[in-house]
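Q: These protein sequences, in sequence, are chains E and D. Following our numbering from start to finish, the first sequence increments by one per residue and tops out at 297. Following our numbering from start to finish, the second sequence increments by one per residue and tops out at 243.
Just so you know, these hints were derived from the structure itself, not from any lab. These numbers were taken from a predicted model, which means no experiment stands behind them. Here a beta-carbon is modelled for each residue, glycine too, at the ideal position from N, C-alpha and C. Just to be clear, a hint being listed does not mean it is correct.
[Claimed, not checked] Have a look at the derived ranges for each label pair, beta carbon to beta carbon:
| # | chain 1 | residue 1 | chain 2 | residue 2 | range |
| --- | --- | --- | --- | --- | --- |
| 1 | E | 175 | D | 144 | 33 to 39 Å |
| 2 | E | 18 | D | 217 | 44 to 50 Å |
| 3 | E | 198 | D | 81 | 45 to 51 Å |
| 4 | E | 198 | D | 15 | 36 to 42 Å |
| 5 | D | 89 | E | 244 | 29 to 35 Å |
| 6 | E | 175 | D | 135 | 54 to 60 Å |
[To be verified] Distance condition first, Cα-Cα at most 20 Å in a straight line; then the derived DMTMM-like pairs of lysine to aspartate or glutamate:
| # | chain 1 | residue 1 | chain 2 | residue 2 |
| --- | --- | --- | --- | --- |
| 7 | D | 221 | D | 16 |
| 8 | D | 66 | E | 199 |
| 9 | E | 77 | E | 120 |
| 10 | E | 198 | D | 16 |
| 11 | D | 108 | E | 199 |
| 12 | D | 62 | E | 199 |
| 13 | E | 18 | D | 201 |
| 14 | D | 66 | E | 211 |
| 15 | E | 10 | D | 114 |
| 16 | D | 150 | E | 199 |
| 17 | D | 228 | D | 21 |
| 18 | E | 20 | D | 109 |
| 19 | D | 108 | E | 142 |
| 20 | E | 198 | D | 114 |
| 21 | D | 221 | D | 67 |
| 22 | D | 62 | E | 120 |
[As the list claims (entries may be wrong)] Looking from chain E toward chain D, a few residues come up when the C-beta cut is under 10 Å (computed):
| # | residue |
| --- | --- |
| 23 | 7 |
| 24 | 148 |
| 25 | 205 |
| 26 | 209 |
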Amino acid sequence: MISTLFYTTKQGIVNIFKNKWFSLASVATISACLFLFGVFYTIILNFQNIVKTAEEGVSITVFFDEGTTEERMAEIKELIAKRAEVRQIDFISADEAWESFKDEYLGEYQDGFTENPLADSANFEIYLNDVSMQGALVTYLESVPNIRQVNRSEVTANTLSGFNLLISYISAGIIVILLAVSVFLISNTVTIGISVRKEEIGIMKYIGATDFFVRAPFVIEGMIIGALGAAIPLTAIYILYAKVVEFLGERFSVLTGIMTFLPIEVVFENLLPISIGIGVGIGFFGSFTTVRRHLKV
Amino acid sequence: MALERRRKKQKQKAEDVVILDHVSKAYSTGAPALDNVSLRVKKGEFVFIVGDSGSGKSTLIKLLLKELNPTSGTIIVNGQDLGRLRRRKIPKFRRGLGIVFQDFRLLKDRNVYENVAFAQRVIQAPIRDMRKAVPAVLSLVGLAGKYKAKPRELSGGEQQRVALARALVNHPSLILADEPTGNLDPKNTKEIMKLLEDINDRGATIIMVTHNREVVNEMKKRVITMKKGVIVSDEKEGEYLDD
Ligand SMILES: Nc1ncnc2c1ncn2[C@@H]1O[C@H](COP(=O)(O)OP(=O)(O)OP(=O)(O)O)[C@@H](O)[C@H]1O
Ligand SMILES: [Mg+2]
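With the rest of the complex left out, here is chain E (with noise of 0.2 Å):
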């Protein structure tokens, strides 16, 4: 058994080189399709988080009738803060208010306020799970009594969250397009490369070759060769993209601000097992299949 299993996996290896320009190809199908993959994972991987950096930043602001005791503000803050859309909220005192505010805009003339001019201002700052879910948050909020005003970033959230959808459909899009363009590709590759050794595989077949001891061989020849077309890909756009990151602090300098770029641990982090997932799991399958349909003799 164990000197099939190494047969087997010797066989797989001496193919390889056998047959020097159907793996050459194929690893270069597969490679060119998993660089594509990669490079827009990569993309809508850091877009994402452009994306939800600016989200988490949109808060919507609620002020309180004048008179509203404290009390009734800690009720009300219970009742925001069991509502799904609510990631965080903050109490902010009339005074805090005002030091704030005297921060921001007095700088040093501050000194001339005895009283506190704010003293209605104290207000609930809210984070959302997710900005799309801002609309009915605030009509909730406008129906609590005791609310004088909700303050909103309508705008922001609105472009925000159809922007995150958009970006999402156009990745989910361009992935499946890939892969079907991958399979298809590497299907055709296999197939030319197998039709050589159909001969062969008959052969092996009438001396008592089960269609495990002929696939296996085909298989692992496969995933080997699927292996590889991941690795190239992946080390590319691991040395491509520290170039590209320190090339676009460069020269869009001012963008630095609102584009933070992910370090490429993070990326790696699921590109790794997904494109060596997929690589070696198209040799697999793409092996696995086309000798089958020759095996039946």
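Take the given structure of chain E and dock chain D with the ligands to it, following the hints.
A: Coordinates of chain D with the ligands only, in the frame set by chain E:
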């Protein structure tokens, strides 16, 4: 009484390596290639199958190795009812056969040793056994010195001897050969026939399809003559019949 009959039946079953019982085979086109053929081959027999081109000889061989299934009738080979043999079990069944074709069917990109060794790898023979069995059978067919050669570097006769070595290395009890000398000159033909005769003397059953009149007439073995899918004669020490 009943016991004795059963014992007799079992003995018969063990003796008959091949049984065809009212076997017909029709391809989708034209007349049936085999038409209601019944036949028994005993253990240790050497049987020639002769007949015109298109008389159904190769079809018969393909049925015996279950490359094809009959349209009707029962086929039993090595005690195995082929109609009941599942697809998954075919490889194991074929390992009990040695199969030789007119066109050799060697693995082109492997050398002589690997071609023969392949049959041993298929049955998962231990490496140590393989290292003994392969050289032994190669020297039996007189090719011990060429074990490193690729098939394209060998003559037709040598290639057929490699194919024969591959068929023999697992010591099959039944050898099916479809025109094994069809591509060979008289000298090589004689050598292959000598080998087959030796193997037969050691107890293997051989069924060989051939068009070679001299071979058939010299060997004085059983000869089955076919015509249009029917057995027209079956002689114990037969001769190649003319039309
Ligand atoms: N795959 C097939 N499909 C359809 N008809 C076939 C097929 N194989 C063989 N036949 C037909 O079946 C008949 C018997 O063919 P078979 O190959 O058994 O003849 P044969 O006796 O071996 O002839 P030869 O001496 O020329 O090898 C022929 O009429 C042939 O045309
Ligand atoms: Mg024939």
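Q: Give a verdict on every hint.
A: Here's how the hints hold up against the structure:
1. Taking 33 to 39 Å as the suggested C-beta distance range, the pair residue 175 (chain E) and residue 144 (chain D) does not conform, at roughly 59 Å.
2. Restraint check, residue 18 (chain E) to residue 217 (chain D): a C-beta distance of roughly 46 Å satisfies the suggested window 44 to 50 Å.
3. Against the hinted window of 45 to 51 Å, the Cβ-Cβ separation of residue 198 (chain E) and residue 81 (chain D) comes to about 30 Å, which falls outside the hint.
4. Range check, residue 198 (chain E) to residue 15 (chain D): Cβ separation about 39 Å, and the 36 to 42 Å hint holds.
5. A hinted range of 29 to 35 Å for the beta carbons of residue 89 (chain D) and residue 244 (chain E) is inconsistent with their spacing of about 58 Å.
6. Remark: the range hint 54 to 60 Å for residue 175 (chain E) to residue 135 (chain D) is upheld by a beta-carbon distance near 56 Å.
7. Pair hint residue 221 (chain D) plus residue 16 (chain D) holds up; C-alpha atoms about 17 Å apart against a cutoff of 20 Å.
8. Between residue 66 (chain D) and residue 199 (chain E), the direct Cα distance comes to roughly 18 Å. Compliance with the 20 Å bound is thereby established for this hinted pair.
9. This hinted pair checks out: residue 77 (chain E) and residue 120 (chain E) have alpha carbons roughly 17 Å apart, not beyond 20 Å.
10. The suggested pairing of residue 198 (chain E) with residue 16 (chain D) is violated, with an alpha-carbon distance near 35 Å, which exceeds 20 Å.
11. The straight-line distance between the Cα atoms of residue 108 (chain D) and residue 199 (chain E) is roughly 10 Å, inside the 20 Å bound, and the hint therefore holds.
12. Between residue 62 (chain D) and residue 199 (chain E), the direct Cα distance comes to roughly 17 Å. Compliance with the 20 Å bound is thereby established for this hinted pair.
13. The suggested pairing of residue 18 (chain E) with residue 201 (chain D) is violated, with an alpha-carbon distance near 42 Å, which exceeds 20 Å.
14. Distance restraint check for residue 66 (chain D) and residue 211 (chain E): the Cα-Cα separation of roughly 15 Å lies within the 20 Å cut-off, and the hinted pair is therefore satisfied.
15. Between the alpha carbons of residue 10 (chain E) and residue 114 (chain D) the distance comes to roughly 13 Å, so the proposed pair stays at or under 20 Å and holds.
16. Taking the CA atoms of residue 150 (chain D) and residue 199 (chain E), the gap is near 17 Å; set against the 20 Å cutoff, the hint holds.
17. At roughly 18 Å between alpha-carbon atoms, residue 228 (chain D) and residue 21 (chain D) fall within 20 Å of each other, so this suggested pair holds.
18. As the CA atoms of residue 20 (chain E) and residue 109 (chain D) are separated by approximately 14 Å, the hinted pair is consistent with the 20 Å bound.
19. Between the alpha carbons of residue 108 (chain D) and residue 142 (chain E) the distance comes to roughly 83 Å, so the proposed pair goes past 20 Å and is violated.
20. Proposed proximity of residue 198 (chain E) and residue 114 (chain D) is supported: the alpha carbons are some 19 Å apart, at most 20 Å.
21. Of the pairs offered as hints, the one joining residue 221 (chain D) and residue 67 (chain D) is violated, with about 27 Å between alpha carbons and a cut-off of 20 Å exceeded.
22. Of the supplied pair hints, the one linking residue 62 (chain D) and residue 120 (chain E) is violated, its CA atoms being roughly 98 Å apart against a limit of 20 Å.
23. At a threshold of 10 Å, the smallest CB-CB gap from residue 7 (chain E) to chain D is about 6 Å, leaving the interface hint in force.
24. A cut of 10 Å between beta carbons decides the hint on residue 148 (chain E): the least distance to chain D is about 79 Å, and the hint is violated.
25. A hinted interface residue such as residue 205 (chain E) counts as satisfied when its beta carbon comes closer than 10 Å to some beta carbon of chain D; here the least separation is about 7 Å, so the hint holds.
26. About 5 Å separates the beta-carbon of residue 209 (chain E) from the nearest beta-carbon of chain D, less than 10 Å, and the hint is met.
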